[in-house]
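Enquirer: In case you want the letters, here they are:
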Amino acid sequence: MEEKLTLFKNRKRFGIEKNIDIIFKNTALVLSSFVAIILLGIILVVFFQSFESFSRYGLKFLVTSEWNPVKDEYGAFTAIYGTFVTSFLSLLITIPLGVGTAIFITEDFVPKVFREIIGSFVELLAAIPSVVLGLWAIFVMEPFFRAFFVFLHNFFGWIPLFSTEPTGRNSLLAILILVVMLLPIVTSIARDSLNQVPKKLRNASYGIGASRWKTIFSVILPAALSGIMAGVLLALGRAMGETMAVTMIIGNSNAFSWSLLSPGYTISSMLANQFGEADGSQVSSLFYAAFVLMILSLVVNILAQWLVKKFSLKY
Amino acid sequence: MNSLYYQKRLSRNIGDKFFTSLSVICALIAILPLIFLVTYILYKGGSQITPELFTLEPNPPGDDLDAGGINPALIGTLIITTIASIIAIPVGVGGGIYLAEYSKGGAFSRFIRFGVNVLAGVPSIIAGVFIYALIVSTKILFGSMYSGLAGGMALSILMLPTVIKTTDEGLKLVPNELRYASLGIGASMYTTILKVTLPSAFRSIATGVVLGIARAAGETAPLIFTALFSYYYITGFGDLFYEMGSLAVLIYNFALEPYDAQNKLAWAASFILVLSILSVNIFSRILAAFTEKTKRV
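Top line first, the protein sequences correspond to chains A and B.
Going by this note's numbering, the first residue of the first sequence is number 1, and it counts up by one from there.
Going by this note's numbering, the first residue of the second sequence is number 1, and it counts up by one from there.
It is worth saying that the hints were derived from the structure and are not from the lab.
One thing to keep in mind: the hints can contain errors.
[Said to hold, decoys possible] Taking lysine-lysine and the DSBU-like style, the derived pairs with C-alpha atoms no more than 30 Å apart in a straight line are: (1) B/195 to B/104; (2) A/200 to B/17; (3) A/200 to A/310; (4) B/104 to B/172; (5) A/199 to B/8; (6) A/18 to B/172; (7) B/104 to A/309; (8) B/264 to A/200; (9) B/264 to B/44; (10) A/25 to B/195; (11) B/17 to A/199; (12) B/172 to A/199; (13) A/199 to A/309; (14) A/214 to B/8; (15) B/165 to A/18; (16) B/195 to B/165; (17) B/165 to B/104; (18) B/17 to A/18.
[As the list claims (entries may be wrong)] Beta-carbon label-pair distances, calculated as ranges: (19) B/279 to A/113: 16 to 24 Å; (20) B/173 to A/255: 51 to 59 Å; (21) A/113 to B/54: 14 to 22 Å; (22) A/144 to B/25: 18 to 26 Å; (23) A/214 to B/194: 49 to 57 Å; (24) B/177 to A/22: 20 to 28 Å.
[Said to hold, decoys possible] If we take Cβ atoms under 10 Å as the criterion, some of the chain B residues that face chain A in the derived model are: (25) 40; (26) 49; (27) 55; (28) 56; (29) 108; (30) 124; (31) 133; (32) 143; (33) 144; (34) 157; (35) 160.
C-beta: ideal position from N, C-alpha, C; glycine also.
Just chain A, same shape as in the assembly (with noise of 0.2 Å):
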């Protein structure tokens, strides 16, 4: 007590206290701009080391497919393809599965234990690492649907998608390891947003006479249709640069093809299989396709999170 009367009337601070303090909030501000410079610093040395593939074949290289060490001619267009189809087949497939699942778990179809359960476990799987997706891919989803895709070949065969024999491991296997990795993502995310919609809304659908799905389709998911959507835009980004799963099950092949059943690439996978044993104007190329990958998963997140601000406050 006596300490602390005699620390109240020195109102005065000590020179060092007071330095001390402004130090504390000047290292804090410089650490806090590391996030920005991180994030700048990414930009430029990707893109600096990128410069001598972007001179020498500058647009060309995102529309041409050859990628030749021996006679040093480079063009991303496999990857590219491979990067938009992979991420954008595999959401289609999730965001029903997905929204759902959502709306099973916010509906009281089930006791509430179960919801909880149910949705906390979707949560978990997000935790799981890419590379042991990758591993059960190979080793169990593989041989499971092996006989599928003969299937799809021999009777969608007319159709360009499933036009060539199915190999080992393929662009469809990569989509289906790629559902089972965003299914967490947009299924929680899609619960949370529903979860948000105020009762009121509900309580008003069902005055008036409107029958559950009614509600649900005219009330509840427009007025969550904000955060869904950012949902599925963070998946997409996530399915975009998603790197392990995808190399272990796509094959890795780039002979483009229209055919999902053939082999293929992503720009994640070209990179985490060439970078190790890449020299010369080889790395220079890496650099570029992972200068685009960046450019493509920044767009992306940039739109989400504008999505998110434009949107949220509505309700």
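Based on these hints, arrange chain B on the given structure of chain A.
Expert: Relative to the frame of chain A, chain B by itself:
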């Protein structure tokens, strides 16, 4: 009179039944493979666990049936994640303190918060590419190329956004009265932060940081061309500057080997990785639920 009772055949009731079953089917399709996945990993990996696994070096892939153990990879994962934490936690907590305690919502702090979200979305392989260009290819670390240290740095880039975000959000939840009280009895700003606000937000920050570490421990993409892989025991401090194995990269390398012995080692490593990550997650979830309950009282 009939219209007061529930009528099965009414189109709206049929439609409701239809969509309800559709959502149940969605949930089943989504959840069953996930349950199967977890149990399969735990079963298949768990059956490969032997005591030698934790003490031996892995044998280089070949025809021999004995694949050895995963000791170097296990230790390597611990070391690389520790390096990443040593870099990311001080920087992240410091940055979070600035955002939550000092910034007044101006352009700078908005830009940093935006940057944190963008950095969180940067593909993990890009972090590896960045560190490769900055550290591995320039041999800036005393002439060593691939090293555990470089791997740790790449992982720290992935941990940083999580740490900043949890610190920022944890500190924002601390009631302002505590700050006023502390400043009111004459404490300076840094004493207030270090002795009052940080300790009372400690649990939520710690939970977030631990989850971030768990996520980083399973990352593979940033390590495959920064830390690379090693078959040999880690014997001393100097090994930090050489190639270092990790569980994640071991799984990647050995899953692609054509030999059964190596594949089994990959399953065992996945078991250890998944079990530790899941238990950290479950433990911190229980802790968070417990904290919430005590707060309400």
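Enquirer: Which hint numbers doesn't this structure obey?
Expert: 8, 18, 21, 26, 27, 28, 32, 33
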